[in-house]
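Colleague: These protein sequence lines are chains A and B, in that order.
So for the first sequence, UniProt numbering puts the first residue at 1; every next one is plus one.
So for the second sequence, UniProt numbering puts the first residue at 1; every next one is plus one.
Hints were generated in silico from the structure; no laboratory data involved.
Any given hint might turn out to be false.
Which copy? The list can't say, so a pair holds if one copy fits it or any two copies do.
Claimed, not checked - Calculated pairs, DSS-like style, for lysine-lysine (alpha carbon to alpha carbon, straight line, at most 25 Å): (1) Lys169 x Lys310; (2) Lys303 x Lys216; (3) Lys203 x Lys309; (4) Lys310 x Lys216; (5) Lys216 x Lys161; (6) Lys281 x Lys169; (7) Lys169 x Lys309.
From a predicted model like this one, the values you see are computed outputs, not experimental measurements.
Protein chains: 2
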Amino acid sequence: MSYYQMNENLSIDYLMKQGIFSETSNLTSREVGDGNLNLVFIVKDTLSGTSVVLKQALPYVRVVGEGWPLSVERTIFEANALEIHNRIVPNLVPKLLHRDDELALIVMEDLSHLELMRYGMMKMEKHPKFAEHISTFLADTLFYTSDMHMSSEEKKRLVAKFINVELCKITEDLVFTDPYYDADRNNINPRLKPYLEEVFWKKTELWLETSKLKYKFLTEAQSLIHGDLHTGSIFAGEEETKIFDAEFAFMGPAAFDVGKIIGNIFINYVSWSGKDEDVEKIQDYRSYLIETVKRLHRLFEKKFIENWKKDAQDISARVEGYRDQFMRNLFIDTIGYCGVVMIRRVHGLAHNIDVDGIENLEKRRDVQVKLLELGEILIMNRHQFNNIEEVTDMLRENIEGAKNL
Amino acid sequence: MSYYQMNENLSIDYLMKQGIFSETSNLTSREVGDGNLNLVFIVKDTLSGTSVVLKQALPYVRVVGEGWPLSVERTIFEANALEIHNRIVPNLVPKLLHRDDELALIVMEDLSHLELMRYGMMKMEKHPKFAEHISTFLADTLFYTSDMHMSSEEKKRLVAKFINVELCKITEDLVFTDPYYDADRNNINPRLKPYLEEVFWKKTELWLETSKLKYKFLTEAQSLIHGDLHTGSIFAGEEETKIFDAEFAFMGPAAFDVGKIIGNIFINYVSWSGKDEDVEKIQDYRSYLIETVKRLHRLFEKKFIENWKKDAQDISARVEGYRDQFMRNLFIDTIGYCGVVMIRRVHGLAHNIDVDGIENLEKRRDVQVKLLELGEILIMNRHQFNNIEEVTDMLRENIEGAKNL
Numbered sequence: 001m002s003y004y005q006m007n008e009n010l011s012i013d014y015l016m017k018q019g020i021f022s023e024t025s026n027l028t029s030r031e032v033g034d035g036n037l038n039l040v041f042i043v044k045d046t047l048s049g050t051s052v053v054l055k056q057a058l059p060y061v062r063v064v065g066e067g068w069p070l071s072v073e074r075t076i077f078e079a080n081a082l083e084i085h086n087r088i089v090p091n092l093v094p095k096l097l098h099r100d101d102e103l104a105l106i107v108m109e110d111l112s113h114l115e116l117m118r119y120g121m122m123k124m125e126k127h128p129k130f131a132e133h134i135s136t137f138l139a140d141t142l143f144y145t146s147d148m149h150m151s152s153e154e155k156k157r158l159v160a161k162f163i164n165v166e167l168c169k170i171t172e173d174l175v176f177t178d179p180y181y182d183a184d185r186n187n188i189n190p191r192l193k194p195y196l197e198e199v200f201w202k203k204t205e206l207w208l209e210t211s212k213l214k215y216k217f218l219t220e221a222q223s224l225i226h227g228d229l230h231t232g233s234i235f236a237g238e239e240e241t242k243i244f245d246a247e248f249a250f251m252g253p254a255a256f257d258v259g260k261i262i263g264n265i266f267i268n269y270v271s272w273s274g275k276d277e278d279v280e281k282i283q284d285y286r287s288y289l290i291e292t293v294k295r296l297h298r299l300f301e302k303k304f305i306e307n308w309k310k311d312a313q314d315i316s317a318r319v320e321g322y323r324d325q326f327m328r329n330l331f332i333d334t335i336g337y338c339g340v341v342m343i344r345r346v347h348g349l350a351h352n353i354d355v356d357g358i359e360n361l362e363k364r365r366d367v368q369v370k371l372l373e374l375g376e377i378l379i380m381n382r383h384q385f386n387n388i389e390e391v392t393d394m395l396r397e398n399i400e401g402a403k404n405l
Numbered sequence: 001m002s003y004y005q006m007n008e009n010l011s012i013d014y015l016m017k018q019g020i021f022s023e024t025s026n027l028t029s030r031e032v033g034d035g036n037l038n039l040v041f042i043v044k045d046t047l048s049g050t051s052v053v054l055k056q057a058l059p060y061v062r063v064v065g066e067g068w069p070l071s072v073e074r075t076i077f078e079a080n081a082l083e084i085h086n087r088i089v090p091n092l093v094p095k096l097l098h099r100d101d102e103l104a105l106i107v108m109e110d111l112s113h114l115e116l117m118r119y120g121m122m123k124m125e126k127h128p129k130f131a132e133h134i135s136t137f138l139a140d141t142l143f144y145t146s147d148m149h150m151s152s153e154e155k156k157r158l159v160a161k162f163i164n165v166e167l168c169k170i171t172e173d174l175v176f177t178d179p180y181y182d183a184d185r186n187n188i189n190p191r192l193k194p195y196l197e198e199v200f201w202k203k204t205e206l207w208l209e210t211s212k213l214k215y216k217f218l219t220e221a222q223s224l225i226h227g228d229l230h231t232g233s234i235f236a237g238e239e240e241t242k243i244f245d246a247e248f249a250f251m252g253p254a255a256f257d258v259g260k261i262i263g264n265i266f267i268n269y270v271s272w273s274g275k276d277e278d279v280e281k282i283q284d285y286r287s288y289l290i291e292t293v294k295r296l297h298r299l300f301e302k303k304f305i306e307n308w309k310k311d312a313q314d315i316s317a318r319v320e321g322y323r324d325q326f327m328r329n330l331f332i333d334t335i336g337y338c339g340v341v342m343i344r345r346v347h348g349l350a351h352n353i354d355v356d357g358i359e360n361l362e363k364r365r366d367v368q369v370k371l372l373e374l375g376e377i378l379i380m381n382r383h384q385f386n387n388i389e390e391v392t393d394m395l396r397e398n399i400e401g402a403k404n405l
């Protein structure tokens, strides 16, 4: 069946035809997509109360419109990644119920009882299990798809399976390139523009260091990475954490996923400086965020090393000192990517509502400048930080110290 | 047509059927393969004097026999690489006349008027154009298949096309792993065994550094590399240089090709210490080899940088300081891979006749120990060398200085 675009009625017809619901169901469908690239329908049987999510790729970038075409084959990458995640970390991702590569759609477990982590964080919600869960997701997906564990052949087959040309290109351009000069696609707070022109775009050393990290993104096929692991790709509740939206997945630098999620937590951390909120509440929530990042990273390293000790197959991975230098390099790159993703969300094409929710453009600008400065510190000093505590100490000193909180 | 194994008569029949020779030809065929993996026929029309080479992959590693099966799909990689080389450096590779992926064969220009470079070097032959030619081959193939020049998409399509599972695995095992412990497949001069057991296999820091270089080989998709660029993969004459046998080609670390060819020249350089040859002749030939390596590397860097200035497409490749750090890293890795390939040819599965031609096993052992020591110096100090002259000075001092030549 060749591609056609779903709407709410068509999504019901399709799911009935596939036998995903019983013939006596009474289905309703609601389009809820708020991302940039896809249609998302929640289809529910009002009789039984069961529901599923149908996600279909659009043949263009939704936020820009039909002027930026994009192949729907990205659904194949998402389905392929989700199949692997379903094997490695079944409790931390939506169940994949059905895939249709021609229609560029997947049908998944409905997780709408959970809230998007980003929205929860904007309301200062705490997710007590998040550090535990995300560290498992990272340690398991990044280790078990690496050369340390996989055979040389299996690993290379994964590289071939995840030649994700278009979505990698989006990251290469929007994350690693456009923010460093006055690119057309940038989306700039007019109050920030003078700072970019007079200060930020003149930082050639910063652009150089970011370009080195970009080169790793282009060439380093280490692990199957999620590729877009921000707080908008995670459902988080009291007890559950579910990571989804893996359409950017490819065999890339493991540190990118780790740095990206930390960077997005740091963005939320900084964003409170521009918000009219009770000072003590902010202080408390920021402490929680810092603890979350520390725990997340400590647990990630611990679990990754445990996986290594237990399941490293390559004899070279057992050479004395090998794991230590690997972990060290992974950490350095993590800090670098963390800085890179903080910067790109300031004035690149895609922003975070954490910051864009600050309506006063001057206040927003001040937060944005702070994010750019912090991103720069992280990128430029990534080789100097010895552990995650030194990173969070720097952040705290820089943000809370300055405000005497 | 499904695979069948060629012999001299069948190779004639096949080429006649393909119309590669005219119907009035009078063909003779001669099997001349001396490699590890293939049959090679020179088929000649005794009337016109024209001739071609037909190369067919065997479904096992020839040197070991049918006990080590190997897919014949490697011919597809060789043909694919040769097509690209025919476009980028047409004068430096054999012309590809015909390919038959089912029969796992390629038909190429006959270059048997030229001598294998390795054999020439064993007779102290000089190849005055070699440095000029090989530096062009390296600079052009490695630059024009990299992210600096190619679009993100073209580059990734090349990665997918060259998922060369089996031949990469051979290098991963035989070059980067087996020589560092008492692996079954090693091929050890019995006089060398005590040194390996008492000294070499205890060098865990060396194994660690080699493992880091192995990891780059496993993960760094920089350029389409030849993958087996030693002096037995090159025909060299007075005026011509032709690089062939690209079946190991894949998207890997650019430095591997550069380091491998230099390492193989160094092996020849060291091998004379074990040979009964006129001292002055040795001295003269070694000076020539040192000059060749220096010129080769200087020219390679010069041409690579010229290509970059002229044809770098990626905006990040034009960021101030980017090219310099790239060239520096390329040099460091080159020296590392140079050391690695020197070591693997001592007691790994595949040796160089330059050294194995030394019949006296004690003399051969002395040369082998020297090669292991030099390989170690190169690998362990690769970050300290500033340029190729410092490398060749070290070599000269170590070999000729010690002998007061």
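Colleague: Now tell me, hint by hint, if it's right for this structure.
Modeller: The hints, checked one at a time:
Within a single copy, Lys169 and Lys310 get their C-alpha atoms only as close as 36 Å, which misses the 25 Å cut-off; across copies the closest is 23 Å, which meets it. In this assembly of identical chains, Lys303 and Lys216 lie within 25 Å of each other by CA distance both inside one copy and across copies; the values are 24 Å within and 24 Å between. Only between protomers do Lys203 and Lys309 lie at most 25 Å apart by alpha-carbon distance; the minimum there is 22 Å, versus 42 Å within a single protomer. Proximity of Lys310 and Lys216 under a CA criterion of 25 Å is satisfied inter-copy only: 23 Å between copies versus 28 Å inside one chain copy.
Taking the closest pair of Cα atoms, Lys216 and Lys161 come within 25 Å of each other both inside a single copy (19 Å) and across two copies (20 Å). In this assembly of identical chains, Lys281 and Lys169 lie within 25 Å of each other by CA distance neither inside one copy nor across copies; the values are 40 Å within and 56 Å between. With identical chains, the CA atoms of Lys169 and Lys309 are at most 25 Å apart between copies only, with a shortest distance of 23 Å across copies and 35 Å within one.
The structure does not agree with numbered hint 6 stated previously, though it agrees with all others.
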